[in-house]
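Enquirer: Spelled out from the first residue to the last, the chains are:
2 protein chains.
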Amino acid sequence: MSATLPPLPKEMEVLRQVPLFAALQPETFARLAQAARIERHAKGDIIFRQGDTAQSAIVVVDGFVKVSRLSANGDETLIHIFGRGESVGESAVVARDRYSTTAEAVGPAVVVRVPGALFIQTAREFPDLAFAIINEAQAKVIALMDEIEILKVQTADQRVLRFLLSLCPPDVDTCTMRLPYTKGDIAASLGLKQETLSRSFARLKAIGIEIDARQVTVASVRRVEEEIARLNQLV
Amino acid sequence: MSATLPPLPKEMEVLRQVPLFAALQPETFARLAQAARIERHAKGDIIFRQGDTAQSAIVVVDGFVKVSRLSANGDETLIHIFGRGESVGESAVVARDRYSTTAEAVGPAVVVRVPGALFIQTAREFPDLAFAIINEAQAKVIALMDEIEILKVQTADQRVLRFLLSLCPPDVDTCTMRLPYTKGDIAASLGLKQETLSRSFARLKAIGIEIDARQVTVASVRRVEEEIARLNQLV
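These protein sequence lines map, in sequence, to chains A and B. Just so we're on the same page, the working numbering is the position in the first sequence counted from 1, plus 692. Just so we're on the same page, the working numbering is the position in the second sequence counted from 1, plus 692.
Treat the hints with caution; some may be incorrect.
[What the hints assert, rightly or not] Straight-line distance between alpha carbons at most 20 Å, and here's what the computed PhoX-like set of lysine-lysine pairs gives: (1) B:Lys844 / A:Lys885; (2) A:Lys844 / B:Lys885; (3) B:Lys875 / A:Lys844; (4) B:Lys844 / A:Lys875; (5) A:Lys875 / A:Lys735; (6) B:Lys735 / A:Lys844; (7) B:Lys735 / B:Lys875.
[Unchecked claim] Covered by chain A, per the in silico footprint, the following chain B stretches (three or more residues, Cβ under 8 Å): (8) 707-718; (9) 782-789; (10) 836-847.
To be clear, the hints were calculated from the coordinates, so they are not data collected in a lab. Every residue, glycine too, gets a C-beta built ideally from N, C-alpha and C.
Starting from the given sequences, assemble the full structure and let the hints guide the process.
Expert: This is how it looks when you write it as structure tokens:
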């Protein structure tokens, strides 16, 4: 059957690797992928806005999408920065809810948008999609609990070191990389004031981490891991 | 059909008011309720343990259940205290995951335990249960984002005032009530050190809040609301 469907564009291939879609039956996946639209966004583009009726689920194919909330008194809290392969909005769509956050491209970004009505209809007919959405929601609950644990327990230096370690490629010791987004967004995503982040960056020179504008050089990844372990002992 | 089933015990009636079960078809609800077990717990009883295979979903019928996580270095982070009508573990069960937290009775507590295998089987056959689980997961994601917003943005006094306000009955101005759990658990659930909580309690005397052991007297709820609004402006 799916042989009669037109081939999927290259950008859709990444959907198969996304946790939300990875375990779907071929028919369920084809149904969603055929209706999905690819969107290219520039830095600052709003992908969806808090309070709007949730009309589509979004999968990040390339770049970063910043998800933040506006509180009643107008403060913006950055909740999470989503990267390649992460999905957002699918539970809100199925719950026929409003988006509880605003999603904004942090730089140039490519996303796939899956229409919500089709999502609901498919989840009703194909339990594998309903279960995939539950699994993904469970993963998001755990990720948010991790975040709460970090905010309640970890110091600024621990948060910054963990973040820098997440940027280092596996199996290297010395590495140089570019910060994926601005220092303001990094501070917000770690729950720090920007001056606290700057002071932490300054302290980390002592363990061989140099930060020059958006370029980071880590002299020894092993040293960073040892420092994280040492700080964990002190808490 | 359900007329041939034995009547449900009184404690099961609360299940119908729980968000997770409220919108279910009568057949779907009856199937789960008939297999559910009522459990009475004493303070400190472990209801499930982090890392164990998730084998049942839990609904709190009476009392409070504290859900916390143990990090790799042995720190315990209190994530949330669940009260009457709140459910926990259902996404982990359906995702065939391990419990990501430990659930412990904070005082005497009554819970209903729904066997996980039945939960999965029913969600597969009845899409209304699968959708109810997704809705509940979405509500949990939003509650956790609220928590992150509070941790990132609000000061100790704001957190304490919001918590005290949540204890006041509606439509009263002066009220006296008992703290639902210990100051240690309150501090942990608000992401504060216990001494920070005590200092905040001391400052709140100035706006008419008296705390004597576990008894709280609020001279004017309106005054508390005004103070919350004032602090929100300052942030």
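Enquirer: Check each numbered hint against the structure and report the violated ones by number, ascending.
Expert: 6 and 8
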